[in-house]
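Got chain A; can you put chains B, C and D on it based on the hints?
Protein chains in written order, with the numbering used here: chain A, 108 to 471; chain B, 108 to 471; chain C, 108 to 471; chain D, 108 to 471.
Everything labelled a hint here was simulated from the structure, so no lab data went into it.
Wrong hints could be hidden among the right ones.
A pair holds if it fits inside one copy or across any two, identical chains being indistinguishable in the list.
Here are the simulated DSS-like pairs of lysine-lysine, each with C-alpha atoms no more than 27 Å apart in a straight line [to be verified]:
#1 Lys224 / Lys169
#2 Lys415 / Lys145
#3 Lys115 / Lys145
#4 Lys224 / Lys145
#5 Lys224 / Lys115
#6 Lys145 / Lys253
#7 Lys224 / Lys253
4 protein chains.
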Amino acid sequence: MSGNTFGKTFRVTTFGESHGLAVGATVDGCPAGLPLEKDDVQFELDRRRPGTSTVVSSRKEKDQVEILSGVFEGSTMGTPIQMLVYNLDVDSSPYSSIASKPRPGHADLTYEIKYGKRDHRGGGRASGRETVGRVMGGAVAKKLIKTTHGAEVLARAIQIGPVNTVSEPDFEAARRGLSSEVRCGDPDASARMVEAIETAASEGDSLGGIVQVMARGVPAGLGEPVFDKLDARLAGALMSIGSVKAVEFGAGMAFAGMRGSDANDAITSINGSAGLVTNRAGGILGGISTGNDIVINFAVKPTPSISKAQDTLDLLTMDSVEIRITGRHDACIVPRIVPVAESMVAMTLADVMIEGGFINPGRI
Amino acid sequence: MSGNTFGKTFRVTTFGESHGLAVGATVDGCPAGLPLEKDDVQFELDRRRPGTSTVVSSRKEKDQVEILSGVFEGSTMGTPIQMLVYNLDVDSSPYSSIASKPRPGHADLTYEIKYGKRDHRGGGRASGRETVGRVMGGAVAKKLIKTTHGAEVLARAIQIGPVNTVSEPDFEAARRGLSSEVRCGDPDASARMVEAIETAASEGDSLGGIVQVMARGVPAGLGEPVFDKLDARLAGALMSIGSVKAVEFGAGMAFAGMRGSDANDAITSINGSAGLVTNRAGGILGGISTGNDIVINFAVKPTPSISKAQDTLDLLTMDSVEIRITGRHDACIVPRIVPVAESMVAMTLADVMIEGGFINPGRI
Amino acid sequence: MSGNTFGKTFRVTTFGESHGLAVGATVDGCPAGLPLEKDDVQFELDRRRPGTSTVVSSRKEKDQVEILSGVFEGSTMGTPIQMLVYNLDVDSSPYSSIASKPRPGHADLTYEIKYGKRDHRGGGRASGRETVGRVMGGAVAKKLIKTTHGAEVLARAIQIGPVNTVSEPDFEAARRGLSSEVRCGDPDASARMVEAIETAASEGDSLGGIVQVMARGVPAGLGEPVFDKLDARLAGALMSIGSVKAVEFGAGMAFAGMRGSDANDAITSINGSAGLVTNRAGGILGGISTGNDIVINFAVKPTPSISKAQDTLDLLTMDSVEIRITGRHDACIVPRIVPVAESMVAMTLADVMIEGGFINPGRI
Amino acid sequence: MSGNTFGKTFRVTTFGESHGLAVGATVDGCPAGLPLEKDDVQFELDRRRPGTSTVVSSRKEKDQVEILSGVFEGSTMGTPIQMLVYNLDVDSSPYSSIASKPRPGHADLTYEIKYGKRDHRGGGRASGRETVGRVMGGAVAKKLIKTTHGAEVLARAIQIGPVNTVSEPDFEAARRGLSSEVRCGDPDASARMVEAIETAASEGDSLGGIVQVMARGVPAGLGEPVFDKLDARLAGALMSIGSVKAVEFGAGMAFAGMRGSDANDAITSINGSAGLVTNRAGGILGGISTGNDIVINFAVKPTPSISKAQDTLDLLTMDSVEIRITGRHDACIVPRIVPVAESMVAMTLADVMIEGGFINPGRI
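Only chain A is shown next, with the shape it has when bound in the complex (with noise of 0.2 Å):
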């Protein structure tokens, strides 16, 4: 329940408001005996951190983590471990004119329905900040799966705002695109979506668009039918990240105007095994995987948070108000979603991997 911890046997639980003292993850269930140092965990947390390029929010986080507990001498040891940064670069002064006044697009109101109160600042809790203690997450989980099974995960931009680049899965391009401004792979592409981003920027406005991820390395024969699918875990994972509204498994959406005989996949022997010709399904037949790779997009929607006018409501006074959200925001964020994406399909796979007996959990 309460939610605030993902997964069965691989478990992350995160903490943390965005203006708090800190956010931080503990990870429960990984098992003993993987190489693990800070600078694992630091890679992952630079590559979503803000302030890395002109197109992201300037707020300055170092964020430099600090592993509390659960490593011992260069390796886990089964026991939780426990990471955390502090929040240092916080400006709260923007936020104490709109703490009244939800926000449109974001949970502010809903929080405020469901809770009674919350920490206005910075979004409190319902903030990109908590994606911090998912990626600290996820870290471990890509270095598990990576260690035990040589899997990866890796995601790019396939359209941001109205430019896209060609969506056909392309695990290298996602590999180019981990040093790329937009995480998308495609020069050209990337130039035009810096492009837009920036114009909507000019304008108080803000983009959505759409990742594509995607897991190599993954057995055959991971997920458990009939509730857990495979499938059914990753979309709820990839859902739980907020804006996104969003996903689909292979073909997706356009599975809905083929027929069989275009959908399916055929099954030859590949390598004395059986396998698939193509990999229409996205890697995942029946909510178990078939040892293709897994192909996932989902839609990111614009960011909520603009500077150009919106309607909303005082709650103090119940009077309509207009506002205009100052602060530092992201225009576009679906850049700095693509980490997060990647770190909550690796902890899906690191958990499914462990509750499918694909890796032990006491010990590698």
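For chains B, C and D alone, kept in the frame of chain A given last:
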């Protein structure tokens, strides 16, 4: 683990193979005091039953539910509600010839890889027949959320193969679709959908489509951030249905191309409470319900069992072979998925309502 | 939640009221490939069945199990194993007069408070008959841990009312007790136990006792610190059996009076591995199994249903009344709890073995 | 899985090794609106801290808690409450010589078997220091059940080694014991307990004992049959504390020798409601609370770390060796277990109260 139980507080465990002795469900966690009759369940089972129209499988499943426990003198007791139907009209003969030949697009191959054995007859556990248990659970859930909150869940087909209807959320169209052969609610589109299915069937092929499922009367404030957001739970629930390959909330994939100023729903005062002017978000913000209708579209891939020739492998000989699947199969399962989708959404809502304190877990 | 499911990986959900249509269990999470016949389950059900001796209830329950799913061609498939027995020899007449008069020492009053309604007939859900489902689950669990690890669980009565036998852990005495009327294994003590039960019964009264349950062949390294210690799980499992009021591991309560130098088990080399010289700890240290026999004693309170006059309240009139409970009740349930306790321990071990990677969750 | 999280709705995850950087806990699932100050937690931590008397370890842990998240303007927000204390007074030197020599009666050997590596310093995770996190969680739980229901949990030592005091449930004695060195509440027995501990310590040995933990003000109707009975949950919670080897409810082990007519608590009318004349059941019937005080006794084994010579094995050489454990160890941990036991009971009650609808999960 192990995947056959859905939910945390309102828990539904399904069991049964397609051609085994029986299929059914156990509902645990339904509060005491809910009026429940066999007919409440039978009504929903009748909606998913094949043989009710020209466009679905001709298998004659009478599917008369027995409630073995949990109900006393017309209402629930808070104890497990055990329901089953015996499998009566079973014809396993078409399956013997393909026992070792996994059907493309089916779970045959992945089950074989994962478990090393399976009941090949009728698809065993990985059969649409498994949804009988889901619909039983859904029937109880629907009764529970209707009785306690007046909430209703309805779905309708908005696309079948090449034919679609207006996709704007339309709860009343779904209500009209209750009695429609293809569960569409638009007579003109329905006629063309039937025709498209018949054409595909006559060519030994099959169609997919898009279902829109909506929930009305859901109280605001429902859902658990961070990982258990209401949309994350619903996405996982719907993706757990066989053949579902994509799911989107509100404007869904279209959010990717929007600007923030177009995507955000403005906030206003409605009958003295804060509410939204529009519902692009699909009834959920920050993972918590807004009180608006919940609106979800999902894509269904074409039925993988087709009589057209397909390439596969004989796992005994590892020879490539061609199969033509005979037996009684729906050329399009979209109409039959409609009540299943409603069930998954209703079970999710019942679960989250109990979890969130909206329904007393002991007695209503 | 909701309490009718036991286990995390090897999950057993029981259902059914004592005088309802049926009682049974669903086992989810048993790996594929375990040989399982109806007789495996029937054998254990026969051990808990009343009417098998002069000292237990005369209710004639044939309790012929039906396995409705999950088993195909003689072994499990990794899908839910649904088992049930119909309630045949039901006589609810003795209960109508006490429907509103909660029986002292029973769950009648607390169920009434919690749920507001209950099936009063035969105790409804809070009846010893609920343990039919536990024994079904236990039968599968026993087969699983025996097949994969050669592990065995056996229990025996070491005290019934005023009569006791040697309490030193004695696995072979438990094996001898399998065929004993009071499941004791000590012929002399058994005779006196039977006599004590008959005397109490003749006086309209009942007896309690102590059961010793042991597991042999449990691998070292089993159990999950911190909150899920193996002994914590086992204690919870055994305390979940109706009438159990105390549970102790190894030297148990006697540890309170010992000194550390007497309590600690020295460590030595046994066949080249580290092992313990003695087993005062009862097979568990720091919540993890040592490889020694697991040894647990637990206390069973006297059957609350007695024909002697007792003071209670008529909940309809709120008048104090005297009741004498008629119907068919065991004057001592200790012998019948023996197979139930074994089942709880076996299910716990199966669960923890899968969780800990000692048994592959997919297939054995 | 993985064992470091307690609870289903009110969830406490602890982390940290004894000689690592920090220990602490995350509380997830505490409703919004609970007044909570650092002092609430510090008060309880001070009760478990060593160095507060002559009879406990001389390790100087200041243990000043930091609350990093979840609390805003003096009360909870419904988001995770992250608490930690840094480990300051750490002296790992006594442990280096026994790194490869498992201490008898400790988890050293079983951790080595399970994980293949461990932090041997101070016992690592399997140290009494892990209970810091439990007490943090307990502090929040105590505040929650007190604020919402006026319920209180208190424990006291009723036996230490050869010395005992009246074992009849005595809530006020426990309250008096709050300020007593051995948490007993009986001045005369306390003095003799201190003497017994000092004697054992002077002989290089240690003592165990019995703790009685009671909960007052618990509403009737709490608990979830069948497997999640309130006593099953409490037994598991208490058995999860290191060194606890037996637990009994109400008359406990003594029930074994009683007759039903002596064991049952008669039912009568109390202030117009049904209640019990006596409380032999210890406040729980059929797994559901009766509204009476919950009364539990549990046995604590003598501290395994003693300076007397003990036989063990050097795991590097597999040679038998003798060890004498130096360092700062309590000769009897019974007094320090008192607040830990209260914490486990309070957390269980908070959890079950939310689960059962007695506390709103969103906000109080």
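Hints, verified against the model:
1. Lys224 / Lys169: Result: close neither inside a copy nor across copies, 29 Å intra and 33 Å inter.
2. Lys415 / Lys145: This pair counts as neither: shortest intra-copy Cα distance 41 Å, inter-copy 41 Å.
3. Lys115 / Lys145: Close inside one copy (25 Å), not across copies (31 Å); limit 27 Å.
4. Lys224 / Lys145: between (35 Å within a copy, 19 Å between copies)
5. Lys224 / Lys115: between (30 Å within a copy, 23 Å between copies)
6. Lys145 / Lys253: within (17 Å within a copy, 41 Å between copies)
7. Lys224 / Lys253: between (42 Å within a copy, 21 Å between copies)
When each numbered hint is compared with the structure, violations occur for hints 1, 2.
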